[in-house]
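A.B. asks: If you're matching them up, the sequences are chains A and B in order. Numbering-wise (the numbering used here), the first sequence opens with residue 1 and increments by one. Numbering-wise (the numbering used here), the second sequence opens with residue 1 and increments by one.
It is possible that some hints are incorrect.
Same chains, same label: a pair holds when it works inside one copy or across any pair of copies.
[To be verified] Derived DSS-like pairs (lysine-lysine); straight-line CA-CA distance at most 30 Å:
hint : residue 1 : residue 2
1    : 327       : 362
2    : 302       : 274
3    : 131       : 234
4    : 107       : 234
5    : 339       : 274
6    : 314       : 271
7    : 234       : 271
8    : 301       : 274
9    : 223       : 371
10   : 274       : 234
11   : 63        : 234
12   : 62        : 301
13   : 234       : 223
14   : 371       : 344
15   : 357       : 63
16   : 301       : 271
17   : 35        : 58
Rather than coming from a laboratory, the hints here were simulated on the basis of the structure.
2 protein chains.
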Amino acid sequence: MKICVIGLGKAGLPLASVIADSGFDVVGVDVDKNKCEMINKGINPIPEELGLDELISKHGGKKLKATWDYNKAKDCSVFIVIVPLYIDENHIPDFSILESACRSLGKIIKKGDLVVVETTLPPLTTETLIKNWIEEKSNLNGDFYLAYSPERIMTGYSISRLKEFPKVIGGVDKEGGQRAYEIYKNFIGELSLVSNARTAEFIKVIEGCYRDVNVALANELHKIANEIGVDFYKARGYANHEYCHIHLPSTGVGGHCIPVYPWFLINEMEKRGKFDYTRLLRIARELNDGMVEYWAEKIVKKCLEYNKPLNEIKICIKGITFRRGVKELYHSRNLALAKFLAEKGLNVYVYDEMFTKEEIEKLGLKWIESKDADLIFDCFSLRLIVVS
Amino acid sequence: MKICVIGLGKAGLPLASVIADSGFDVVGVDVDKNKCEMINKGINPIPEELGLDELISKHGGKKLKATWDYNKAKDCSVFIVIVPLYIDENHIPDFSILESACRSLGKIIKKGDLVVVETTLPPLTTETLIKNWIEEKSNLNGDFYLAYSPERIMTGYSISRLKEFPKVIGGVDKEGGQRAYEIYKNFIGELSLVSNARTAEFIKVIEGCYRDVNVALANELHKIANEIGVDFYKARGYANHEYCHIHLPSTGVGGHCIPVYPWFLINEMEKRGKFDYTRLLRIARELNDGMVEYWAEKIVKKCLEYNKPLNEIKICIKGITFRRGVKELYHSRNLALAKFLAEKGLNVYVYDEMFTKEEIEKLGLKWIESKDADLIFDCFSLRLIVVS
Chain A
1 MKICVIGLGK AGLPLASVIA DSGFDVVGVD VDKNKCEMIN KGINPIPEEL
51 GLDELISKHG GKKLKATWDY NKAKDCSVFI VIVPLYIDEN HIPDFSILES
101 ACRSLGKIIK KGDLVVVETT LPPLTTETLI KNWIEEKSNL NGDFYLAYSP
151 ERIMTGYSIS RLKEFPKVIG GVDKEGGQRA YEIYKNFIGE LSLVSNARTA
201 EFIKVIEGCY RDVNVALANE LHKIANEIGV DFYKARGYAN HEYCHIHLPS
251 TGVGGHCIPV YPWFLINEME KRGKFDYTRL LRIARELNDG MVEYWAEKIV
301 KKCLEYNKPL NEIKICIKGI TFRRGVKELY HSRNLALAKF LAEKGLNVYV
351 YDEMFTKEEI EKLGLKWIES KDADLIFDCF SLRLIVVS
Chain B
1 MKICVIGLGK AGLPLASVIA DSGFDVVGVD VDKNKCEMIN KGINPIPEEL
51 GLDELISKHG GKKLKATWDY NKAKDCSVFI VIVPLYIDEN HIPDFSILES
101 ACRSLGKIIK KGDLVVVETT LPPLTTETLI KNWIEEKSNL NGDFYLAYSP
151 ERIMTGYSIS RLKEFPKVIG GVDKEGGQRA YEIYKNFIGE LSLVSNARTA
201 EFIKVIEGCY RDVNVALANE LHKIANEIGV DFYKARGYAN HEYCHIHLPS
251 TGVGGHCIPV YPWFLINEME KRGKFDYTRL LRIARELNDG MVEYWAEKIV
301 KKCLEYNKPL NEIKICIKGI TFRRGVKELY HSRNLALAKF LAEKGLNVYV
351 YDEMFTKEEI EKLGLKWIES KDADLIFDCF SLRLIVVS
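I would like the entire structure built from these sequences, with the hints used as guidance.
C.D. replies: So, in C-alpha cells, the structure goes:
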C-alpha cells in the first residue's frame with residue numbers, strides 16, 4: 001500500500017516523514033518544486049523541526065518521494081490532504097488551496113481508495129465541500145472512503161507529537177472512519193476513532209476556542225488588576241491550581257490557528273441565523289484583537305512622561321513574532337502593534353532575536369538594538385522599560 | 001492567645017473547630033443562639049460536613065465556646081471575620097451583615113489585636129470599608145493589625161481543605177500580613193503570604209471568574225454542537241488534555257460564589273468608568289443566566305411533539321439544587337427553570353433526591369416521582385427523557 005501526502009508544509013512534511021519511517025512508501029505532493037527537490041536529495045527544508053533532519057536524510061528520495069505532479073501518486077490508495085487554509089480580512093475561510101488540491105486528487109482517485117483530510121476545517125466541511133470537490137472531478141459517486149483527522153502539530157515538536165499526542169479520526173460514514181483508523185494506527189501513537197468527521201472537526205476547533213477565550217479572560221483580568229494596583233502575575237500564580245487555569249495576558253492572539261478557529265463557528269452560526277450562539281467567542285476575538293490599541297495607549301502614556309516631543313522618543317518593540325521563539329508573523333499582534341504605532345507617526349523601531357536587521361527592514365520597519373532605544377516594550381513579558 | 005471567630009456558618013464553624021483542634025482557645029460568635037447552644041453541647045449543626053461531628057463533640061463547649069455576645073470575646077487578641085455577603089437583584093453587595101459584625105468587633109478590639117477577614121470580598125474592601133467600620137467604633141487609629149485571607153471551603157470537604165488546600169493571606173500593610181501569617185500557619189496546612197490584602201481578595205475573585213467564563217464557554221459550545229449535530233460530551237472528552245479544560249455545560253451557574261464574584265469586578269470597574277474592562281465577564285454572566293430560557297425553549301419544543309395540550313403534559317424538573325448533592329438553592333438555575341416554566345402556565349413538577357415532598361411544596365412547587373411524569377428534564381445531565 002502506497003500513501004500519498006498532499007501538502008509538504010510544516011504539518012505535512014513531518015507527517016509524511018513519520019509515515020515513511022513506519023515502513024510505507026510515501027509520495028509527497030507539493031506545489032513548491034524547489035522544496036520537492038531538496039527533500040528528494042535528503043535535505044530537510046524545515047530545519048527547526050526536531051528530528052526531521054534525520055528522517056528526511058534517511059527517507060528523502062527513497063521511501064519518501066516528493067513531487068509536484070499528482071500523476072506520480074496515481075498508484076497510491078491512501079491520500080492525506082494537509083494543505084493550508086487561510087481566512088481573509090472578513091474572517092471568511094479562503095478554500096482555494098484546499099479546493100484545488102481536492103480537485104487534483106479527484107482526477108487520480110480510484111474506487112475503494114481512502115482520503116483523510118488533516119487541515120483544520122470549519123465543522124461539516126469534509127462531508128460537504130471536500131466530498132463534492134473530489135467527486136466532481138472523479139467518476140466516483142461515493143465509492144471511496146472519506147475521513148477527517150485534525151493535525152495537532154506544534155512547530156518544532158511535530159514529530160514527537162505524532163508519536164505521543166492523542167489524535168482523533170472520524171469518517172464521513174462508519175466504513176470510512178473504520179478504514180482510516182486501521183491505516184492511521186500504523187503510524188500514529190495515540191489514535192482514537194470518534195463518531196464521525198464532523199465530531200473530529202469540532203474537537204480541533206473547540207480546543208482553539210478554549211484557548212482564545214481564556215487568553216481574552218487573562219487580558220481582561222490583567223487590565224482590571226492593573227487598574228486596582230494588583231500584580232496580575234503574582235495573583236494568577238496563587239489562583240491557579242488543579243481546577244483553575246487562568247492563562248497569560250498578551251498583546252492578543254496570533255498565528256494560523258487560535259485566532260482563526262472561533263470564526264469557523266461564528267460564521268457557521270451566522271449562516272444559520274443563530275447570532276446569539278457565539279456571543280462569547282465573538283467578544284473574546286474582539287477583546288484579543290483590541291489589545292494592540294490597549295498597549296499602544298500604555299506606550300504613548302509612558303512617552304508623555306519624557307521631556308521631549310513624542311516623535312523624538314525612540315520606541316523599541318521587542319519581539320514581533322506571534323509567539324516567542326517561533327519565526328512566524330501571521331496575524332502577529334506584536335507586529336501589528338509596531339505598525340500601529342508607526343502609522344501614528346511615532347518613532348518606532350523593532351528588535352527580534354529571530355530576525356536580522358535586513359529582514360526587519362524588508363518588513364518596512366526600522367531595526368534597533370534594544371539598548372539604543374529610549375523606551376522598550378517587551379511584547380512577551382508586557383513590560384515597558386525606560387532606558388533613558 | 002485566644003482566637004475569636006465571628007460567624008459560625010458553613011465556612012466559619014469548620015474553621016473555628018480546626019483552630020480549636022490545633023490547641024487554641026476559641027470563642028465563636030454567631031447571632032443564632034440555638035446554634036451556639038448546640039455547639040456548646042457538642043452537637044454539630046452541620047452534619048453533612050465530613051469530620052465536623054468529631055471536632056464539635058471533642059471541643060464544643062470546651063476549647064470552642066460559642067456565644068451570641070461579643071463581650072465574651074473581649075479577652076481575645078485575634079479576630080477572624082467570616083460572615084456571609086449577599087448581592088441584591090442589581091448585583092450590588094449587601095454589606096449589612098459584615099458591617100454590623102465589624103462595628104461590633106470595633107467595640108471590643110484592643111491596641112495590637114489582629115483582625116483577619118475571610119469572607120470573599122470585592123477587592124479593596126478590607127483596606128477601605130472594613131478598616132473604617134472597625135476604627136469608627138473603636139478608639140484605635142490604625143493601632144491594630146488587619147489582614148485578609150479568603151475562605152476556600154467546599155461544602156462537605158471544608159475540614160480537609162483547611163488542612164491541605166493552598167490558602168493565601170495578605171495584610172493591609174506589611175506588619176499586618178506578617179503577623180496574620182505567623183498566627184495562621186499554626187492551623188492552616190498550606191499557607192502563602194501574598195503582597196497585600198487586595199491581592200488576596202483578587203486571587204479569590206478571579207478563580208470564580210475563571211469558572212464562570214468557562215462554564216459560559218461550555219454552554220455556548222454545547223449550543224453550537226447541538227445545532228450542528230455533534231455530541232458535545234464526546235467531543236469535549238477528546239478535546240480536553242493537559243492544556244485544554246473545557247468545562248461542563250449546565251442550566252447556568254448557581255450558589256453563593258461563582259455567579260456573584262464577577263459582579264465584584266464589574267461593579268468596581270463601572271464605578272471607575274472602565275465599562276470596557278469587563279465585557280467578557282458580563283457576557284459570561286448573561287450567557288449563563290440566559291441558559292434557563294434556552295432550556296425552557298428546548299422543553300417546550302419537546303412538549304409540542306405530544307398529542308395533547310401543553311398544559312396537560314406533566315413535566316418533571318429533576319434536580320433543583322444549584323449543584324448535585326448539595327442541599328442549597330441560592331441562585332439555583334435549576335429552581336429558576338422550574339419556576340419559569342410554571343409561570344408560563346405549564347404543568348411543572350419537581351423531583352430532587354435532597355428534598356422531601358413537603359419541602360418541595362413549601363417552595364410553592366408541585367412534587368412528583370419522576371416515573372409518574374410525561375417528560376423529565378434532568379438538570380444535571382441536561383437530558384430530556386420522554387416517559388410517556
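A.B. asks: Decide, hint by hint, whether the structure agrees.
C.D. replies: These are the hints, each one checked on the structure:
In the homo-oligomer, the alpha carbons of residue 327 and residue 362 lie at most 30 Å apart inside one protomer (15 Å), although the nearest pairing across protomers, at 65 Å, exceeds that limit. Proximity of residue 302 to residue 274 under the C-alpha cut-off of 30 Å is restricted to the inter-copy arrangement: shortest distance 20 Å between copies versus 43 Å within a copy. Taking identical chains as interchangeable, the C-alpha atoms of residue 131 and residue 234 lie at most 30 Å apart only when they sit on different chains, with a minimum of 24 Å there against 51 Å within one chain. For a Cα distance limit of 30 Å, the shortest separation of residue 107 from residue 234 qualifies neither inside one copy, at 58 Å, nor across copies, at 36 Å.
Taking CA atoms no more than 30 Å apart as the test, residue 339 paired with residue 274 passes between copies only; the shortest distance there is 26 Å, against 35 Å inside one copy. When the C-alpha separation of residue 314 and residue 271 is checked against a cutoff of 30 Å, the pair qualifies neither within a copy, at 47 Å, nor between copies, at 36 Å. For the homomeric pair residue 234 and residue 271, the shortest alpha-carbon distance between copies (25 Å) is at most 30 Å, but the shortest distance inside one copy (43 Å) is not. In this assembly of identical chains, residue 301 and residue 274 lie within 30 Å of each other by CA distance solely across copies; the values are 17 Å between and 41 Å within a copy.
Taking identical chains as interchangeable, the C-alpha atoms of residue 223 and residue 371 lie at most 30 Å apart only when both belong to the same chain, with a minimum of 28 Å there against 51 Å between chains. Within a single copy, residue 274 and residue 234 get their C-alpha atoms only as close as 40 Å, which misses the 30 Å cut-off; across copies the closest is 23 Å, which meets it. For the homomeric pair residue 63 and residue 234, neither the shortest alpha-carbon distance inside one copy (52 Å) nor that between copies (37 Å) is at most 30 Å. In the homo-oligomer, the alpha carbons of residue 62 and residue 301 never lie at most 30 Å apart, since the shortest distance is 60 Å inside one protomer and 61 Å across protomers.
Only within a single protomer do residue 234 and residue 223 lie at most 30 Å apart by alpha-carbon distance; the minimum there is 14 Å, versus 35 Å between protomers. In this assembly of identical chains, residue 371 and residue 344 lie within 30 Å of each other by CA distance solely inside one copy; the values are 23 Å within and 69 Å between copies. In the homo-oligomer, the alpha carbons of residue 357 and residue 63 never lie at most 30 Å apart, since the shortest distance is 40 Å inside one protomer and 72 Å across protomers. Proximity of residue 301 to residue 271 under the C-alpha cut-off of 30 Å is restricted to the inter-copy arrangement: shortest distance 22 Å between copies versus 42 Å within a copy.
Within a single copy, residue 35 and residue 58 get their C-alpha atoms as close as 16 Å, which meets the 30 Å cut-off; across copies the closest is 78 Å, which misses it.
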